[in-house]
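Enquirer: Here are the chains, one letter per residue:
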Amino acid sequence: MKSAPVIDKVLVSIIGRALKAFTDEMSICMEKTTRSPILCEAKDFVTGLYDAEGRMLEQTENLPILSFSLGPVCAHIAEKFSGNVFPGDVFFHNDVFSLGNQNNDVATFKPIFVGDTLVAWSATKGHMADIGGAVRGGYNPNATEVWQEALRIPAIKIIERGVLRQDIWDLIFANIRLDIVQEDMRAEIGACTVGERRLVELIEKYGLEVFEAHKQHLFEATRRMMEAEIRAIPNGIYEGDGRVYFDGKNPGSKYTIRVKITVEDERMVFDYSDTDAQTNGFVNGTYTSSASATLLTFLQMVNPAIPHNHGMIQPIEIIIPEGTILNASYPAATTFGNHLCPPNADAIMRALAPVIPTRVTAGWNNLLCSLSSGHDPRKGDTFVDIMFMGLKGGSGAMTDVDGYDHIGMIDASGGLLDQDYEMFEQQTPHRLLRHEYLTDSAGPGRQRGGLGVETRFVMGGEDLELVTFGDGDEEPAFGLDGGGDGTLNKIELHRPDGTLVTPTSKDLVTGVPTGTLYVQEAGGGGGYGNPRQRQAAQVAAEVRDELISPTAAREIYGVAVDPQTLDLDEAATAELRG
Amino acid sequence: MTTYKLGIDVGGTFTDLFLWSADGAVDSFKTLSTPADPSEGVENGLHTIAASLGISAEEFAGKVTTIVHGTTVTTNAVLTRGGARTGLVTTAGVRDALEMRRGIREEQYNNRFENVRPLVPRHLRRPVRGRLDYAGDELEALNLDDLREAAQLLRASGVEAVALCFMNSFANPSHEQEAAHILAEELPGAYLSVSSEVLPTVRFYNRVSTTVLNSYVGPILKRYLENLTDKLAALGFGGVLLIMQSNGGVALPDVVQERPATTLLSGPAGGPAGAAAYAGDDCILVDMGGTSFDASLVRGGQAEMYAESELDRLRIALPMLAITTIGAGGGSIGRLDGGGLLRMGPESAGAAPGPACYGRGGAHPTCTDANVVLGYLDPATFAGGEMPLDAGAAKAAVEQHIGTPQRIDAEQAAAGMYRVINTNMAHGVREITVKRGLDPREFPMVVAGGAGSLHACMIALELDIPRLVIPPTASVLCAAGMLRCDLQHDYLRSYVCRFGALDDQHLKALVDEMINEGEAHLAGEGIAADERSHAVLLDLRYLKQYHEVTVAVDRAALERGDLGALASSFHGEHNRLYGYDLSAEGTELELINIRVRSLGRTEKPPLPVEADGSSDAGAAAKGRRRAFVPEREAFEELPVYDGHELVPGNLIPGPALVERVDTTVFISASFMALMDNQRSLVLTRQELRP
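Just so you know, the protein sequences line up as chains A and B, in that order. Reading the first sequence from the start, the letters are residues 1 to 578 in my numbering. Reading the second sequence from the start, the letters are residues 1 to 690 in my numbering.
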């Protein structure tokens with residue numbers, strides 16, 4: 001009988017870090033090889049490695065909302081294709097009714113073998129520029145069923161033992177508008193291959209048995225880290241809510257996400273049973289997108305150095321009954337589901353603010369986004385782009401730290417990047433006029449919220465459509481402990497004939513004339529604490545930098561500056577602050 | 001007449017000098033850096049060397065044919081935000097791009113992680129109307145009123161440097177050229193960087209960030225090089241002065257002044273060439289000086305490089321050495337944080353006031369003070385006895401700030417400081433290896449820097465590294481490595497064209513143009529024709545991709561116009577990097593840029609090699625000293641050897657101390673030291689003895 005391998009703690013740490021290096025390298029592959037600006041510029045994709053049972057080994061989560069469904073889908077594929085998984089196979093999947101998170105987020109999975117043994121999976125998932133359905137780009141605010149949104153791809157084998165199943169390939173891409181989606185799926189396969197190559201090298205170097213034993217040790221060490229974090233939260237039941245405005249169909253409609261968080265020693269349960277029922281539109285979540293939202297919000301309240309593997313999620317249970325807005329029943333439309341993360345995060349922050357006040361933030365700017373598409377005559381081709389740079393508002397302040405300026409929605413937490421301005425003009429027919437911090441957008445406070453931004457561009461091209469999706473145009477990011485709210489989101493279209501179109505937060509605007517001026521404001525994050533306790537010199541410096549207006553400085557912060565020199569007027573400030 | 005070559009590395013605390021004589025002898029020297037004007041430290045160094053040779057500084061300077069110089073003046077200017085007061089003139093509407101950094105937060109789950117302070121504050125980022133489109137065609141003329149207003153405001157604000165970066169200037173530099181002309185008139189004294197000259201490639205953020213860095217350090221580098229060349233000229237130096245660049249190559253001062261951002265990692269860039277000379281083609285290099293600890297990597301004989309990287313989270317889109325730097329050095333200050341936990345650094349006492357034991361007014365306990373208390377450094381013989389240390393002051397500082405508040409004695413406090421800083425440094429080595437999936441146990445670790453060899457054993461134990469190499473030039477390894485670097489110039493031309501439509505004559509003409517430029521530069525730098533070479537690289541991508549793969553091309557294939565051969569090297573490289581290629585699909589390729597890297601091979605001074613002597617190091621023994629043995633957590637009487645008396649073949653079991661003028665080596669109980677034929681001390685892990 002062979003004895004179990006001796007655990008070498010240095011090797012545990014090397015394997016842990018190596019896995020992270022591999023998923024990072026897969027992420028670089030995606031960034032460098034994809035065609036759609038949604039992927040190569042904004043990095044709206046995730047990469048990961050999973051063990052043979054689909055347990056998370058490590059992930060690179062540029063957009064965390066996509067990431068926590070990859071492991072469960074690995075397990076789903078392993079079960080569905082039991083006995084039929086071979087070296088050289090590749091699988092595709094996007095289906096939201098078999099653990100996918102969003103129709104446009106199409107995943108590639110590659111089983112990894114050492115000899116004849118299935119040892120792991122590599123996976124990549126990115127937001128594809130189109131996925132069929134009724135509306136270019138996938139966001140269809142009029143949809144009531146999944147088929148009006150997208151082509152469903154349940155787990156399918158696209159490459160068997162290294163041989164492409166061309167007929168299946170053709171079937172899929174005959175139903176998708178843009179050729180670049182084929183190329184971007186090839187990039188996903190390539191990135192999975194790189195993950196496979198690296199992991200096989202690692203396992204062959206140390207031996208499978210040693211790898212497995214050390215993997216187990218890594219899971220356990222990580223679980224203990226997470227348990228220690230949970231134990232630091234007092235036992236109890238904490239409740240909070242967050243609101244969703246307008247379902248895309250019924251003006252004035254409003255839904256509430258309610259979470260009940262139970263902390264019991266080293267276990268934690270997030271229970272959404274009291275959340276409102278699903279809508280009859282596309283403002284609905286899937287279990288995996290909603291559970292990802294819960295995890296990524298909670299991960300911001302614990303030690304950021306915890307590795308992202310199976311052990312991290314073991315102590316956490318998430319209950320989301322089917323039929324709620326966070327877990328809609330078949331065959332509901334669900335494309336908006338990823339964007340239920342901000343109100344879900346609001347609910348969790350509000351629930352935990354009284355019990356762990358130094359770990360929560362005030363409210364983050366909610367996402368309001370647009371997707372423009374049309375014909376680019378310069379290239380003779382269709383273009384689709386999500387306006388990432390415009391959507392990124394500020395984060396909420398903490399007890400001792402200002403919010404982060406222009407970070408964007410909490411589901412990305414700064415992992416989603418602005419298009420580079422020049423690349424934006426190369427890739428779309430639009431022309432950027434302005435992309436700058438928005439004065440007075442930050443929620444005031446002893447610690448202010450992060451700043452929002454203003455974006456303006458002239459829309460070029462032909463056959464233009466604009467889809468809006470998001471929220472935050474009715475309720476701003478909330479302040480905490482005397483801190484003020486951030487500003488609201490806004491999108492406006494100024495047509496060349498002088499007329500103004502203000503789309504709702506979930507809208508499809510067709511026939512947009514060339515030359516239309518697009519104007520967007522992404523609001524700031526909520527502030528923390530009384531703004532009159534903010535350092536006066538800091539307020540004055542932000543007045544000089546035109547981030548706070550002299551009026552707001554005086555009226556909200558109680559800080560006066562000399563109108564000529566913009567220097568702090570200490571005497572007048574003392575008087576204002578009493 | 002004996003002539004000399006000199007490598008000079010100016011660090012935060014010490015200025016290192018490595019001297020190579022044409023008769024084959026080598027020697028190294030150290031002088032204190034003079035941060036206010038680092039060229040003074042260089043001048044002092046020349047005097048020191050001259051004195052040791054028994055000749056006048058003028059006579060010595062006259063015999064030096066080559067000086068290769070690495071400097072941290074630009075690096076430190078960025079890290080301490082001590083660069084020039086800089087203004088940015090940019091296209092109206094995008095002045096915040098510099099600060100936004102595309103909206104990234106590097107630590108996604110850390111809500112206490114703040115954005116980095118921009119090098120130009122918002123009120124000095126001035127908007128100017130005027131616009132080019134994506135192809136470089138003018139949409140709106142440059143607004144000269146805006147430009148003059150911006151210039152006036154920047155002048156009134158007292159800026160010393162200006163960066164100029166307009167949208168789409170990579171496609172058409174005319175607006176920038178026009179504006180540069182006016183800014184030069186309006187701000188005659190200011191240092192001006194123009195983005196289309198610094199980095200003429202698409203991507204606004206990369207360009208604006210790199211251009212601002214260039215301006216921010218431009219006046220600093222210019223002042224420094226002027227001082228330096230004046231001082232060298234005054235001494236009668238008539239040889240060639242070469243400046244170390246971040247890309248691992250060297251260049252003339254005039255060339256680096258055109259792009260000062262190429263010197264942002266000048267200081268450490270010579271190290272890998274030095275490390276490879278002693279430890280072979282694959283090794284880790286760690287360098288601990290007075291202020292910082294650097295870790296870099298040599299693989300396959302080449303220093304690991306990044307095509308784009310960041311300094312303090314600020315983007316530089318120029319080729320740079322891959323290096324991890326942490327604030328841990330001999331001068332690192334120990335303190336107790338709010339929670340009463342011991343921390344070391346990143347604050348440093350630097351050269352002035354320096355550690356408490358320097359007796360120059362430093363009150364805070366530093367790493368060097370701890371090393372004195374632990375018995376590793378002999379106060380009387382430090383720096384060859386030229387700079388006696390005040391052991392009492394070291395002990396008092398450690399006791400007062402660390403020991404007393406924790407109710408432990410000075411020796412226990414010093415042991416704690418030693419352990420904490422060693423852990424910090426081990427983490428730096430992890431960053432460059434483990435974080436990239438490399439096992440540090442497979443690489444010998446070359447130890448450089450005056451302070452490194454007191455800590456190396458503990459770092460190696462932490463990471464399970466079995467072999468350490470401490471070269472005879474350890475304390476000046478970067479300076480020594482600089483003499484082994486080639487001249488290197490990188491050239492770039494854009495030629496955006498589908499592969500099928502490529503005009504191979506035009507391609508060849510562009511390549512020839514750059515090669516001619518390289519030939520001229522290298523000839524001007526005194527490189528003989530047969531020592532010049534040029535590598536041609538193409539930035540290629542599949543149609544509709546937005547990132548390129550840089551592929552080295554076979555010059556013969558290029559001459560033949562054999563595009564098929566070029567394409568097949570691209571397919572291969574794409575597959576190697578990204579896991580697939582599209583050769584079977586027949587996807588068309590697109591050329592974006594052509595690069596030429598011109599190398600001027602310099603003569604590598606041969607390193608002395610000595611034959612083996614006895615294994616018994618007894619002849620070099622010079623006494624015993626009470627010092628701390630970490631493995632046994634106890635003070636013991638350790639044998640002390642004179643490093644200059646050791647001969648190749650000598651074996652020294654740990655624990656022991658080896659003293660040299662430039663550094664002291666602590667061989668811990670877990671290691672056995674052997675002096676090899678190049679006079680490196682090679683430390684190998686041995687089983688712990690009872």
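Keep in mind the hints are simulated off the structure, nothing from the lab. Since the structure is predicted, the reported quantities are computational estimates derived from the model, not experimental observations. Hints are supplied without guarantee of correctness; some may be wrong.
Below, computed lysine to aspartate or glutamate pairings styled on EDC-like, alpha-carbon distance capped at 20 Å [stated by the list, open to error]:
| hint | chain 1 | residue 1 | chain 2 | residue 2 |
| --- | --- | --- | --- | --- |
| 1 | A | K32 | B | D439 |
| 2 | A | K205 | B | D439 |
| 3 | A | K260 | A | E322 |
| 4 | A | K32 | B | D486 |
Some chain A residues flagged as far from chain B (calculated, every beta-carbon gap over 12 Å) [as the list claims (entries may be wrong)]:
| hint | residue |
| --- | --- |
| 5 | P5 |
| 6 | P64 |
| 7 | I156 |
| 8 | D241 |
| 9 | K254 |
| 10 | R495 |
Ranges of calculated distance between the beta carbons of each label pair, as one might list FRET restraints [to be verified]:
| hint | chain 1 | residue 1 | chain 2 | residue 2 | range |
| --- | --- | --- | --- | --- | --- |
| 11 | A | I319 | B | F113 | 57 to 67 Å |
| 12 | B | G586 | A | F97 | 17 to 27 Å |
| 13 | B | F113 | A | L164 | 39 to 49 Å |
| 14 | A | E492 | B | G561 | 31 to 41 Å |
Cβ atoms here follow ideal geometry from the backbone N, Cα and C, with glycine treated the same way.
Enquirer: Now tell me if each hint is right for this structure.
Expert: For each hint, the structure was consulted:
{"no.": "1", "hint": "A:K32 x B:D439", "verdict": "violated, 26 Å"}
{"no.": "2", "hint": "A:K205 x B:D439", "verdict": "holds, 11 Å"}
{"no.": "3", "hint": "A:K260 x A:E322", "verdict": "holds, 17 Å"}
{"no.": "4", "hint": "A:K32 x B:D486", "verdict": "violated, 31 Å"}
{"no.": "5", "hint": "P5", "verdict": "holds, 17 Å"}
{"no.": "6", "hint": "P64", "verdict": "violated, 7 Å"}
{"no.": "7", "hint": "I156", "verdict": "holds, 19 Å"}
{"no.": "8", "hint": "D241", "verdict": "holds, 21 Å"}
{"no.": "9", "hint": "K254", "verdict": "holds, 28 Å"}
{"no.": "10", "hint": "R495", "verdict": "holds, 20 Å"}
{"no.": "11", "hint": "A:I319 x B:F113: 57 to 67 Å", "verdict": "violated, 31 Å"}
{"no.": "12", "hint": "B:G586 x A:F97: 17 to 27 Å", "verdict": "violated, 37 Å"}
{"no.": "13", "hint": "B:F113 x A:L164: 39 to 49 Å", "verdict": "holds, 43 Å"}
{"no.": "14", "hint": "A:E492 x B:G561: 31 to 41 Å", "verdict": "violated, 54 Å"}
Hint violations for this structure: numbers 1, 4, 6, 11, 12, 14, all remaining hints satisfied.
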